[in-house]
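*Asks:* Based on the sequences and whatever the hints tell you, model everything.
Protein chains: 4
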Amino acid sequence: MDALDKKMQFSNIANHLSQVAREFCQRGWAVGTSGNFSAVVTRDPLTLAITSTGIDKSALRAEKIVQIDEQGNSMESSLRASAEARLHLMIAGELGANAVLHTHSVWSTLLSELKANQGGLSIEGYEMLKGLRGVSTHQHREWLPIFENSQDMAALSDLVKAQLRQNPNVHGFLLRGHGLYTWGGDISEAKRHVEILEFLLEVMGRMVGIDDRGASAVAYEGRLAVAKR
Amino acid sequence: MDALDKKMQFSNIANHLSQVAREFCQRGWAVGTSGNFSAVVTRDPLTLAITSTGIDKSALRAEKIVQIDEQGNSMESSLRASAEARLHLMIAGELGANAVLHTHSVWSTLLSELKANQGGLSIEGYEMLKGLRGVSTHQHREWLPIFENSQDMAALSDLVKAQLRQNPNVHGFLLRGHGLYTWGGDISEAKRHVEILEFLLEVMGRMVGIDDRGASAVAYEGRLAVAKR
Amino acid sequence: MDALDKKMQFSNIANHLSQVAREFCQRGWAVGTSGNFSAVVTRDPLTLAITSTGIDKSALRAEKIVQIDEQGNSMESSLRASAEARLHLMIAGELGANAVLHTHSVWSTLLSELKANQGGLSIEGYEMLKGLRGVSTHQHREWLPIFENSQDMAALSDLVKAQLRQNPNVHGFLLRGHGLYTWGGDISEAKRHVEILEFLLEVMGRMVGIDDRGASAVAYEGRLAVAKR
Amino acid sequence: MDALDKKMQFSNIANHLSQVAREFCQRGWAVGTSGNFSAVVTRDPLTLAITSTGIDKSALRAEKIVQIDEQGNSMESSLRASAEARLHLMIAGELGANAVLHTHSVWSTLLSELKANQGGLSIEGYEMLKGLRGVSTHQHREWLPIFENSQDMAALSDLVKAQLRQNPNVHGFLLRGHGLYTWGGDISEAKRHVEILEFLLEVMGRMVGIDDRGASAVAYEGRLAVAKR
Chain A
1 MDALDKKMQF SNIANHLSQV AREFCQRGWA VGTSGNFSAV VTRDPLTLAI TSTGIDKSAL
61 RAEKIVQIDE QGNSMESSLR ASAEARLHLM IAGELGANAV LHTHSVWSTL LSELKANQGG
121 LSIEGYEMLK GLRGVSTHQH REWLPIFENS QDMAALSDLV KAQLRQNPNV HGFLLRGHGL
181 YTWGGDISEA KRHVEILEFL LEVMGRMVGI DDRGASAVAY EGRLAVAKR
Chain B
1001 MDALDKKMQF SNIANHLSQV AREFCQRGWA VGTSGNFSAV VTRDPLTLAI TSTGIDKSAL
1061 RAEKIVQIDE QGNSMESSLR ASAEARLHLM IAGELGANAV LHTHSVWSTL LSELKANQGG
1121 LSIEGYEMLK GLRGVSTHQH REWLPIFENS QDMAALSDLV KAQLRQNPNV HGFLLRGHGL
1181 YTWGGDISEA KRHVEILEFL LEVMGRMVGI DDRGASAVAY EGRLAVAKR
Chain C
2001 MDALDKKMQF SNIANHLSQV AREFCQRGWA VGTSGNFSAV VTRDPLTLAI TSTGIDKSAL
2061 RAEKIVQIDE QGNSMESSLR ASAEARLHLM IAGELGANAV LHTHSVWSTL LSELKANQGG
2121 LSIEGYEMLK GLRGVSTHQH REWLPIFENS QDMAALSDLV KAQLRQNPNV HGFLLRGHGL
2181 YTWGGDISEA KRHVEILEFL LEVMGRMVGI DDRGASAVAY EGRLAVAKR
Chain D
3001 MDALDKKMQF SNIANHLSQV AREFCQRGWA VGTSGNFSAV VTRDPLTLAI TSTGIDKSAL
3061 RAEKIVQIDE QGNSMESSLR ASAEARLHLM IAGELGANAV LHTHSVWSTL LSELKANQGG
3121 LSIEGYEMLK GLRGVSTHQH REWLPIFENS QDMAALSDLV KAQLRQNPNV HGFLLRGHGL
3181 YTWGGDISEA KRHVEILEFL LEVMGRMVGI DDRGASAVAY EGRLAVAKR
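Residue numbers (our numbering), protein chains in the order written: chain A, 1 to 229; chain B, 1001 to 1229; chain C, 2001 to 2229; chain D, 3001 to 3229.
No wet-lab data here; the hints were simulated from the structure. Treat the hints loosely; a few may be bogus.
Simulated coverage check for chain A against chain D, where a stretch passes if three residues somewhere in it have a Cβ under 8 Å from a Cβ of chain D [said to hold, decoys possible]:
| # | segment |
| --- | --- |
| 1 | 30-36 |
| 2 | 131-140 |
| 3 | 173-181 |
Here are the simulated EDC-like pairs of lysine to aspartate or glutamate, each with C-alpha atoms no more than 16 Å apart in a straight line [said to hold, decoys possible]:
| # | chain 1 | residue 1 | chain 2 | residue 2 |
| --- | --- | --- | --- | --- |
| 4 | C | K2007 | C | E2094 |
| 5 | A | K115 | A | E148 |
| 6 | A | K130 | B | D1152 |
| 7 | D | K3115 | D | E3148 |
| 8 | B | K1006 | B | D1069 |
| 9 | A | K6 | A | D69 |
| 10 | B | K1115 | B | E1148 |
| 11 | D | K3130 | A | E63 |
| 12 | D | K3064 | D | E3076 |
| 13 | C | K2006 | C | D2044 |
| 14 | C | K2006 | C | D2056 |
| 15 | A | K130 | B | D1056 |
| 16 | C | K2006 | D | E3148 |
| 17 | B | K1130 | C | E2094 |
| 18 | B | K1161 | B | E1148 |
| 19 | B | K1130 | C | D2152 |
| 20 | D | K3161 | D | E3148 |
| 21 | B | K1007 | B | E1076 |
| 22 | C | K2161 | C | E2148 |
| 23 | C | K2130 | D | E3076 |
| 24 | A | K7 | A | E63 |
| 25 | A | K161 | A | E94 |
| 26 | C | K2161 | C | E2063 |
| 27 | D | K3130 | A | E94 |
Listed next, with one range per pair, are the computed distances between beta-carbon atoms [unchecked claim]:
| # | chain 1 | residue 1 | chain 2 | residue 2 | range |
| --- | --- | --- | --- | --- | --- |
| 28 | C | Q2009 | D | D3044 | 29 to 35 Å |
| 29 | D | R3141 | B | G1054 | 41 to 47 Å |
| 30 | C | G2096 | A | L79 | 58 to 64 Å |
Note that the structure is a prediction, hence the values are computed from the model and not measured. Cβ coordinates follow ideal geometry from the N, Cα and C atoms, glycine included.
*Replies:* This is how it looks when you write it as structure tokens:
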């Protein structure tokens, strides 16, 4: 691929990523400059297009997307990527994902606290699960691991990598008090995964407020029975 | 009707459906490529315009609406309809509906779980009910059946058809853990039915969170007494 | 005022009303063709510009606003006003309001049920109350009456009129299971009143979910004590 | 700086402030003409650009931003600033903030009531806290003071000033039953602070509804333990 082609490919990726970022910001999933969005530009060596750090996503333009190398350093821009770029690179390298999207939503934050002691969240019996890659029935149990949040990105990346190797079928994970990571074969699939998981987290979060009082215990048991058939 | 007229009619329908889909996606009722929206193009034989499967509704264009025959097969496009097209065809054929809209909302998902054991949801005493075709007073009791979700569309379609024959006055139904189906004499009426039912489901869903603690027991009894007068 | 001036005035009012209607629909306060919005065109005789019945507010254009006479009949258009136009005419005539806005929101519907047995809702101690005409401190107690809903508009209008004469200082009222009516000296003031009251109803509605468990009893008592000082 | 430069600087500030105001209104944080937004134009003497009082923020244009002097009087416009301009001037003068943003949200109103008796709100352990100036880890405890609301702006300003001198590291405060004040080195930073604090207030507010029932007591203790390590 010659230089012009590469530039056009990067430009297309950057446009797509910035459009997704604006839409997610509007939905309240990337306010206050939170959230990081990336996609693979080249595989060998691995380089990513990724949102630069500290940028307001509400009016994000493609110019604020930077290309980074395998060490997470900006290749041509004075803009820096977030320290979390390391997690994006690990996921892209380890899982072969071509896009990694990380959102900060109210419901993911809330559930990541409430369910932290269980180490994760089990989501099953919902039609929406079929929007996850490779899932073809609502009778699926999705395990969404929750990791303790950390500012030590090297340690966190290693911890997550070890878990993902043990659970290669997960479609995302939560960082406690922090947010959601998910990915996909391309930006559109990763976007779909964000929307699916955020939708299900909202359903689960609203259910907790009712369920903890036992009000829906019967309904829940019924659902689990169906899902386990 | 000659070929050009047919094409223009399909084009108008496709434009209207895609506009409704974008608006519903923006409201959070069709995220993650969920939801299917259809309208009758011809009655004899029955053909539908319907959203193709796996499409992001946030920027849906009319080009992603396909025309399907009575077996649910695409007539001129390489795009496929969802397997749920079978339910759309059944509703259009059985009830004479000219538009069928299927949404995935947080509140319909939540209530379809909480009320599954009762087999449905009773909604009464609300002014908003008057937005449903043929309802002229808030003193109306709307029964919204809930069916167990299934991936066997033939079986599900037969089950729903049998129920609709017994309850021909319902304006919609829920699939458990899945979402809402409603319909109308045209796209505008079906859209109105979605908005009415989603509004009432949100009211009922928020009420459950309060009512289960008995806080509003008195208020509820009063309402039912009024509605039953 | 000559004919052309009258036409321009009506046109300006119709544009303003339709803009407010679209914005309220977008906020979820007028979905499913619900809601009616009016403003006085002439005082003697009393004529109103009002949204025609059964119209989707999401893309409402000024052409769907009709002018009605004191009996609620359309003056020049084939479009009809809602039967609730009678309430708009009564409020405009009785209170001298130049704009009357009626919304259907989730929170007004929910609270109108929960508080129906008390005959109304007391809102006090909030800064937002200062947005209501004539209120200059948060230490104000606003009484929002709740009336049983009815399809007999003549009877309902007489009932509300009698109450408004006894409580001329209220800024709005709720119809049970139905929605909010408020008004103002012009469209902008009435719009402000809708936004203020809907905001406070959401605060009160969310508080009920917490307060009924006694969790905020102390906080509440403190607030009331402050407000009563 | 000559007169033309000054005018351009004011114009840029006014455009930026009005854009932020429209966006916040759309998010429901400045409805019903509520909210005030300001930025420093000159330091010596201190003058601010600030939204004029009683203006609908949904379509705010730069023309509705006025320049005020140290006494809060409009310098060239017939439009007046809100009485709360005094608080903006105090914060800009006392803390060296170049932008002060004041929002009225449902969650800030609700929490300011529920936590008033504790004199403030403690927020800790959330990644979003890193969006606050000078905070570099989620293991941070942010104290958000709550002051009794008052219409006596001189007294309120003195009270807040005294507290800010004792707690110079806070990033904002709540007025009870009223709303949030926050600030920053420029408009973008202050906007980020609003988004961060409103996000965290929503998380806390939704958690209260669950936590007060003890459902998440264990999870909470876990979180605090982590944050205190």
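*Asks:* Could you run down the list of hints and mark each one as holding or not?
*Replies:* To see whether the hints hold, each was checked on the structure:
1. Figure legend: the segment 30-36 of chain A, annotated as covered by chain D; annotation consistent (4 residues with Cβ-Cβ distances under 8 Å, at least 3 required).
2. For a cut-off of 8 Å, the count of residues in the segment 131-140 of chain A with a CB near a CB of chain D stands at 0, and the three-residue condition is violated.
3. Counting residues of the segment 173-181 of chain A whose C-beta sits closer than 8 Å to any C-beta of chain D gives 5, which meets the bar of three, so the coverage hint holds.
4. Distance hint between K2007 (chain C) and E2094 (chain C) is unfulfilled; the C-alpha atoms sit about 26 Å from each other, more than 16 Å.
5. Using a Cα cut-off of 16 Å, the hinted pair K115 (chain A) and E148 (chain A) holds, with the two alpha carbons roughly 11 Å apart.
6. For the hint pairing K130 (chain A) with D1152 (chain B), the CA-to-CA distance comes to about 14 Å; that is within 16 Å, so the pair holds.
7. Proximity of K3115 (chain D) to E3148 (chain D) is assessed by CA-CA distance (about 11 Å); at most 16 Å being required, the pair is judged to hold.
8. A C-alpha spacing of about 15 Å is found between K1006 (chain B) and D1069 (chain B), which places the hinted pair at or below 16 Å, so the restraint holds.
9. For a cut-off of 16 Å, the pair hint linking K6 (chain A) to D69 (chain A) stands: about 15 Å separates their Cα positions.
10. Only pairs whose Cα atoms come within 16 Å are accepted, and K1115 (chain B) paired with E1148 (chain B) is accepted, the gap being roughly 11 Å.
11. Distance restraint check for K3130 (chain D) and E63 (chain A): the Cα-Cα separation of roughly 24 Å exceeds the 16 Å cut-off, and the hinted pair is therefore not satisfied.
12. Restraint check: the Cα-Cα separation between K3064 (chain D) and E3076 (chain D) comes to about 12 Å, which is no more than 16 Å; the hinted pair holds.
13. At roughly 14 Å between alpha-carbon atoms, K2006 (chain C) and D2044 (chain C) fall within 16 Å of each other, so this suggested pair holds.
14. Only pairs whose Cα atoms come within 16 Å are accepted, and K2006 (chain C) paired with D2056 (chain C) is rejected, the gap being roughly 27 Å.
15. Simply put, K130 (chain A) and D1056 (chain B) have alpha-carbon atoms about 14 Å apart, close enough for the 16 Å limit, and the pair holds.
16. In summary, the hint linking K2006 (chain C) to E3148 (chain D) is not supported, as the alpha carbons are separated by about 50 Å, beyond the 16 Å threshold.
17. At roughly 28 Å between alpha-carbon atoms, K1130 (chain B) and E2094 (chain C) are farther apart than 16 Å, so this suggested pair is violated.
18. Among the hinted pairs, K1161 (chain B) with E1148 (chain B) is consistent with the structure: their alpha-carbon atoms are about 14 Å apart, no more than 16 Å.
19. Between K1130 (chain B) and D2152 (chain C), the direct Cα distance comes to roughly 14 Å. Compliance with the 16 Å bound is thereby established for this hinted pair.
20. Straight-line distance between C-alpha atoms of K3161 (chain D) and E3148 (chain D) comes to about 14 Å, which keeps the hinted pair within the 16 Å bound.
21. A threshold of 16 Å between alpha carbons decides the hint, and for K1007 (chain B) with E1076 (chain B) the separation of about 12 Å falls inside it, so the pair holds.
22. Only pairs whose Cα atoms come within 16 Å are accepted, and K2161 (chain C) paired with E2148 (chain C) is accepted, the gap being roughly 14 Å.
23. This hinted pair does not check out: K2130 (chain C) and E3076 (chain D) have alpha carbons roughly 27 Å apart, beyond 16 Å.
24. For the hint pairing K7 (chain A) with E63 (chain A), the CA-to-CA distance comes to about 13 Å; that is within 16 Å, so the pair holds.
25. Distance hint between K161 (chain A) and E94 (chain A) is fulfilled; the C-alpha atoms sit about 7 Å from each other, no more than 16 Å.
26. Of the pairs offered as hints, the one joining K2161 (chain C) and E2063 (chain C) is violated, with about 31 Å between alpha carbons and a cut-off of 16 Å exceeded.
27. Our distance criterion of 16 Å between C-alpha atoms is broken by K3130 (chain D) and E94 (chain A), whose separation comes to about 28 Å.
28. At about 50 Å, the CB distance of Q2009 (chain C) to D3044 (chain D) disagrees with the hint of 29 to 35 Å.
29. For R3141 (chain D) and G1054 (chain B), the Cβ-Cβ distance of about 46 Å falls inside the hinted range of 41 to 47 Å, so the restraint holds.
30. Look at G2096 (chain C) against L79 (chain A): about 59 Å separates their beta carbons, and that is inside 58 to 64 Å.
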